[in-house]
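Chemist: So you can see what is in the structure, the chains are spelled out below.
Number of protein chains: 2
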Amino acid sequence: MNIERLIQTAQEKELPDLVLKNARIVNVFTGEILDGDIAVTDGIIVGTGSYHGKTEVDLQGKYAAPGLVNAHLHVESSMVTPPVYAYEELQWGVTTVITDPHEIANVGGIPALEAMLNASEHCCVNYYIMLPSCVPSTPFEHAGAVLTAKELSALKDHPRVLGLGELMNAVGTVNCDPDVMAKLRAFSDSVIDGHAPMVTGKELNGYVTAGVHTDHESMTFAEAVEKLRCGMAVLVRDGSASKNLEAIIQGVIESGIDTSRMAFCTDDKHLADIRQEGTIRANLRKAVQLGLSPVQAIQMATINAANIYGLKRIGAIACGYRADIVIFDDLEEMTVHDVYKDGTAWKDIPVLNNIPYPSELLHSVHTAPVDESIFEIPEQDTYHVIGIMENQIATRTLTMTHEEVQKGLADGTVRKIAVIERHHARNCHACAYIAGYGLQHGAVGTTVAHDSHNIIVIGDNHADMLKAVEVLQAIQGGYTITADGKELASLPLELGGLMSLKRADEFLPLLDSIIRMAYDRGVNPNIDPFITLSFMALPVIPEIRITDCGLFDVTKFCFIGNEASL
Amino acid sequence: MNIERLIQTAQEKELPDLVLKNARIVNVFTGEILDGDIAVTDGIIVGTGSYHGKTEVDLQGKYAAPGLVNAHLHVESSMVTPPVYAYEELQWGVTTVITDPHEIANVGGIPALEAMLNASEHCCVNYYIMLPSCVPSTPFEHAGAVLTAKELSALKDHPRVLGLGELMNAVGTVNCDPDVMAKLRAFSDSVIDGHAPMVTGKELNGYVTAGVHTDHESMTFAEAVEKLRCGMAVLVRDGSASKNLEAIIQGVIESGIDTSRMAFCTDDKHLADIRQEGTIRANLRKAVQLGLSPVQAIQMATINAANIYGLKRIGAIACGYRADIVIFDDLEEMTVHDVYKDGTAWKDIPVLNNIPYPSELLHSVHTAPVDESIFEIPEQDTYHVIGIMENQIATRTLTMTHEEVQKGLADGTVRKIAVIERHHARNCHACAYIAGYGLQHGAVGTTVAHDSHNIIVIGDNHADMLKAVEVLQAIQGGYTITADGKELASLPLELGGLMSLKRADEFLPLLDSIIRMAYDRGVNPNIDPFITLSFMALPVIPEIRITDCGLFDVTKFCFIGNEASL
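Chains as they are written, first to last, in my numbering: chain A, 3 to 568; chain B, 3 to 568.
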């Protein structure tokens with residue numbers, strides 16, 4: 003960095019590269035909105051006030067805020083690669099993302115993390131990584147990798163690694179599980195993200211004392227406040243599925259509580275939703291429309307997140323800060339007029355999408371030989387059946403007689419669901435009945451199946467279910483729909499079976515098309531054909547799930563019925 | 003650290019070591035005051051709420067706040083060693099100090115910094131160091147050392163070194179002086195303290211863009227706000243001499259500006275003043291009495307300072323934070339009831355004062371051979387005379403005729419002042435006339451002479467002035483008063499000629515006694531006999547000073563009159 007040039011241009015002894023004239027500048031330090039110009043040299047803000055520059059852009063009184071920070075998210079949920087995702091964020095004013103590559107780590111372990119770090123090197127936003135702390139998520143399934151404290155430590159000093167990702171194993175933490183303790187010790191000088199939905203009282207004290215800094219799972223204001231009081235930073239989440247912002251921000255407004263330890267995040271937001279309204283910009287708009295002061299909301303979306311994660315020279319329009327700036331037409335609708343990243347307008351920034359990925363990550367589907375017999379379910383008097391609940395990812399355990407199941411299979415209210423290990427050809431698989439999915443005929447399958455991302459397939463007959471497994475093997479991961487022995491449609495997600503290598507423009511119509519086909523074939527319109535399916539394998543969300551090891555009772559934390567052997 | 007034990011006791015599965023019962027706990031994160039107990043294990047806060055402990059202390063509704071942070075100070079100004087100083091701070095609720103050992107570095111260079119780091123290892127407060135950036139302060143004098151970017155870098159990674167100390171060379175910074183640039187580059191990833199009194203506009207932008215993070219020199223609210231807007235953190239100073247708090251805090255209250263980037267400091271505060279009212283506790287009290295909310299003031303005095311300097315696990319009463327706690331009887335007078343450091347009550351903490359210091363630092367006075375001739379001033383028609391101003395450290399340049407000087411010498415209004423290099427026996431010395439000091443007869447001398455700390459002596463006759471120099475050599479630095487060829491009183495400051503090795507209880511009466519003697523001998527009652535003297539050699543404060551190189555015109559930045567050669 004040419005400090006001399008920055009200092010010279012700050013004093014206008016030389017002209018700055020770029021001056022954004024006539025802005026209303028949101029000052030996140032003083033909480034003011036001040037009229038002025040913003041001078042930028044070599045991608046760094048060198049001053050505000052009255053400036054002339056080599057290039058001048060007249061903002062005509064529009065609002066200039068620091069580039070937004072998305073404080074916690076999983077890029078994999080977008081199903082596009084880091085550079086493509088980053089470009090979508092950028093257009094909506096986000097210039098910094100803090101990501102937890104938890105999903106791809108479950109597929110590819112340390113090499114996958116290295117590939118994500120490499121890919122994100124070429125992103126058009128500041129791209130930080132929290133190292134996934136819980137791979138695998140549970141001992142009740144087979145993931146592609148097991149990440150130990152020692153392995154994670156090797157990546158700890160990477161300049162864009164900020165610390166340890168969300169510590170979902172709250173139970174293991176408060177019970178001093180040795181593996182968790184080893185990770186806490188290894189990262190005791192870094193930021194450690196938490197994941198503590200409804201953890202409260204002394205259990206919460208234990209969890210926070212262990213060294214956990216943040217939480218993004220608060221669903222109520224009371225939960226958020228208890229965490230703040232304990233010393234946690236609270237990331238207020240509004241994503242595609244989990245929407246906690248309204249409850250928390252309403253409480254903030256009513257109570258007038260200090261928000262300096264609060265930031266915004268999306269956790270999981272789908273690409274189509276991002277295209278529609280952005281990420282943090284949508285959180286901002288909602289917060290302001292609820293009645294939070296725009297400046298306070300912008301502080302949460304910028305400098306607060308930077309402070310929580312120790313990011314330097316990010317999150318403010320001030321001397322020496324990166325010229326990451328979002329221009330809003332207004333502070334009510336938060337209409338994004340333009341975005342500057344390191345002093346360059348986003349339209350002048352190309353998406354780099356020709357990044358090489360390691361071959362293992364592009365060929366990640368390895369099942370043991372399978373035939374239709376894996377879908378056989380031994381006849382019983384009664385069955386535990388997974389009951390899908392509309393508009394949420396929780397399930398309930400149904401108990402159905404043999405006759406009821408047969409009737410359900412005939413009338414389309416019951417289907418078979420199977421999970422097949424796909425990382426190391428382990429010959430582990432399980433099959434069960436599921437109610438509420440719909441689907442008149444054929445099978446739907448995917449390699450996106452939280453958190454271990456084995457193959458999950460649902461269908462009304464064994465042949466089509468097997469065909470779906472075969473298609474997913476052939477395309478090396480993705481979404482597929484089969485019927486009558488044929489592949490009706492597929493969407494390849496070549497990168498680890500989770501992400502497409504396509505650009506967003508190309509990818510979204512394909513995604514839309516296969517989802518529409520699933521609905522056309524009778525999938526319940528009040529669920530997402532693929533996303534709902536992908537959560538059926540997550541054995542930490544009540545009440546009942548299926549993994550490659552068997553049908554799992556989440557409330558009792560044990561396998562039930564026809565489990566396979568671990 | 004036994005994380006398991008912390009987690010267990012947080013959940014009361016085992017009893018915490020200490021529980022402070024029935025406190026009103028100041029929560030700096032939410033801005034609330036909450037009733038509850040504070041549980042402490044192994045010196046760490048493991049929870050608040052309702053707890054039982056091995057030891058319990060009933061606080062009976064007193065206020066518990068995080069231990070205070072003094073964000074910028076020079077321990078040398080107290081004239082006692084770091085462990086002794088720390089103990090004085092602790093009693094008044096300060097548990098963290100951020101010090102700039104600028105004075106001792108001017109005497110002893112890198113070995114002196116290492117000695118301070120070693121001594122502060124044994125302090126009863128969290129003791130952090132900013133590495134002095136400007137040694138020597140100016141090229142117009144001889145200090146004991148010259149500290150380059152390279153030498154400073156060698157200490158940068160010490161765990162208690164936070165960054166680069168106050169960058170007094172603002173002119174050199176905005177003019178891209180290569181030495182300053184080298185230091186800025188070396189510390190670009192650390193905190194860099196500023197020193198920018200009245201620097202404003204684009205010059206300030208240049209200074210901040212250079213990478214300077216803090217400033218403690220603001221004298222008005224307007225000055226403070228401009229610095230905050232630029233991105234600087236503002237340390238609000240109230241010390242023995244410089245009192246900026248009232249002006250700034252009044253502005254804060256009137257404007258309602260965000261204070262999250264503001265903290266408190268004392269810069270220079272004398273031991274006797276600290277004994278009287280503490281340091282940051284006095285700032286707090288004044289701020290609250292001006293009308294600032296107590297919680298907001300406590301945030302400034304704790305978590306804000308910790309955030310500004312990136313201190314982890316300091317500045318809050320929350321899970322996992324150090325159990326550094328101050329108990330106040332009330333939040334108006336801020337009467338300190340008790341102080342806990344790492345969970346131990348301050349009365350149970352011993353002062354460690356048997357720390358070995360390097361011999362060079364205990365024998366730091368090395369003058370070239372001197373005789374009375376060095377006090378000769380060639381006869382001139384007119385002289386530039388240093389005019390002392392009462393109750394401030396600025397001086398004015400008087401022009402006096404030979405006759406006026408002679409008359410002044412006779413009636414006691416004019417005296418001679420001399421500075422003699424004392425670090426490397428360089429044979430550099432200068433002598434001039436000074437008005438307004440008083441002193442009927444004899445000489446007053448000291449090795450405390452900002453910032454190079456050469457010998458400075460004032461007197462009415464050459465013999466006593468020489469005697470004072472000889473005494474200072476003999477006692478290896480300190481304060482002395484001589485008359486009629488005799489040493490009337492001396493106060494040894496053995497450590498670098500700046501600090502006494504004594505405990506505060508022993509030291510203060512001696513200090514008091516020698517100051518009283520100086521007044522008894524006719525020193526102007528509206529100045530401090532030694533402190534005023536010690537500032538006469540500082541060639542950066544207007545209008546006229548004297549260094550070992552000559553009489554210096556600060557307004558024109560050049561030597562005048564009878565200067566010696568550099």
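Hint data in this document are derived by calculation from the structure and do not stem from the laboratory. Treat each hint with caution, since some may be false.
The list cannot tell twin chains apart, which means a pair is met if one copy fits it or any two copies do.
As the list claims (entries may be wrong) - Derived lysine-lysine pairs resembling DSBU-like cross-links, with alpha carbons at most 30 Å apart:
#	residue 1	residue 2
1	K349	K504
2	K204	K314
3	K504	K409
4	K558	K504
5	K314	K158
6	K15	K204
7	K204	K56
8	K64	K15
9	K245	K204
10	K23	K152
11	K409	K314
12	K204	K64
13	K504	K56
14	K158	K64
15	K152	K314
16	K56	K158
17	K488	K504
18	K23	K204
19	K288	K158
20	K488	K314
21	K558	K314
Chemist: Under a CA distance limit of 30 Å, which applies to K288 and K158: within one copy, between copies, both, or neither?
Modeler: neither (35 Å within a copy, 45 Å between copies)
Chemist: Within a copy, between copies, both or neither: where do K64 and K15 come within 30 Å Cα-Cα?
Modeler: Answer is within: at 27 Å inside a copy they meet the 30 Å cutoff, but 57 Å across does not.
Chemist: Reference check for the pair K488 and K314, CA-CA at most 30 Å: within, between, both, or neither?
Modeler: neither (54 Å within a copy, 59 Å between copies)
Chemist: Using 30 Å as the alpha-carbon threshold, which applies to K23 and K152: within, between, both, or neither?
Modeler: neither (51 Å within a copy, 41 Å between copies)
Chemist: As a check of your reading, is K15 near K204 (CA-CA no more than 30 Å) within one copy, between copies, both or neither?
Modeler: The answer is between: 10 Å across copies meets 30 Å, while 59 Å in one copy does not.
Chemist: My question is about K504 and K56: at a cut-off of 30 Å on alpha-carbon distance, are they close within one copy, between copies, both, or neither?
Modeler: neither (37 Å within a copy, 62 Å between copies)
Chemist: Which holds for K558 with K504 at a C-alpha limit of 30 Å: within a copy, between copies, both or neither?
Modeler: Close neither inside one copy (42 Å) nor across copies (67 Å); limit 30 Å.
Chemist: Could you figure out if K204 and K56 sit no more than 30 Å apart (CA to CA) within one copy, between two copies, both or neither?
Modeler: between (59 Å within a copy, 17 Å between copies)
Chemist: Have a look at K56 and K158 and pick one of within, between, both or neither, based on CA distance no larger than 30 Å.
Modeler: So K56 and K158 fail the 30 Å test inside a copy (41 Å) and across (38 Å) alike.
Chemist: Using 30 Å as the alpha carbon limit, work out where K152 and K314 are close: within a copy, between copies, both or neither.
Modeler: Classified as both; 27 Å inside a copy, 24 Å across copies.
Chemist: With identical chains treated as interchangeable, where does the CA-CA distance between K349 and K504 reach 30 Å or less: within a copy, between copies, both, or neither?
Modeler: Classified as within; 19 Å inside a copy, 68 Å across copies.
Chemist: Can you give me the call for K504 and K409, within, between, both or neither, at a CA distance of at most 30 Å?
Modeler: neither (43 Å within a copy, 93 Å between copies)
In this structure, the hints that do not hold are numbers 3, 4, 10, 11, 13, 14, 16, 19, 20 and 21, in rising order.
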